[in-house]
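*Asks:* Once you have looked at the hints, place chain B on chain A.
First to last, the sequence lines map onto chains A and B.
Everything in the first sequence is counted per the numbering used here, starting at -1 for the first residue and increasing by one.
Everything in the second sequence is counted per the numbering used here, starting at 2 for the first residue and increasing by one.
Sample of chain B residues facing chain A (criterion: CB under 10 Å; computed from the structure):
#1 His10
#2 Asn33
#3 Phe91
#4 Gly97
No wet-lab data here; the hints were simulated from the structure.
Each residue gets a CB set at the ideal place from its N, CA and C atoms; glycine is no exception.
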Amino acid sequence: DGGITQSPKYLFRKEGQNVTLSCEQNLNHDAMYWYRQDPGQGLRLIYYSQIVNDFQKGDIAEGYSVSREKKESFPLTVTSAQKNPTAFYLCASSISWGVEAFFGQGTRLTVV
Amino acid sequence: AQSVSQHNHHVILSEAASLELGCNYSYGGTVNLFWYVQYPGQHLQLLLKYFSGDPLVKGIKGFEAEFIKSKFSFNLRKPSVQWSDTAEYFCAVNAGNTGKLIFGQGTTLQVKP
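With the rest of the complex left out, here is chain A:
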């Protein structure tokens, strides 16, 4: 069953801890993206990767880090430097940059 898998669906962490969100795709897509979704603010781009071993900062990269060591995986780490980490995080992929992206089900992160 092809698609984008984000895990876990819900995640709780204590303030000050780093946390890594998983995103795996088996669509053989080159490009992958991480977004943050907050009510009334739409989707804001955190990081994106056009190809394996390469990634760029999006509009709100501060306090986040990523890696793209494998084509199918694009994990996002929310660091303790992120001032307001509680949010819904969406991962997406596209066969190449510029074309339509497909989305995972999202991870809701709550930091207490």
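*Replies:* Positioned in the frame of chain A, the structure of chain B alone reads:
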């Protein structure tokens, strides 16, 4: 920096009413344009896309959108909405060769039966 603006944040319509959701973007070069929909409890899905050619594009579920280059707009339309169209709608733009896919703030559509 490129940006996408959706003017209507919350729209309430009765069934069978016509729908038009506005989307404007800021980028002077070549763009690829998208509308996505997020039904309650579901993941984002592509409604339609525009890359080139006929500026009036048709998507799924009777939706269409018109690209007006001079107005930097890509408005979404549907002649007659149904209760099942209740969802959040997002306009998105990929500008030139940046690789970035930027979304608008979203419009929540509520259709009353």
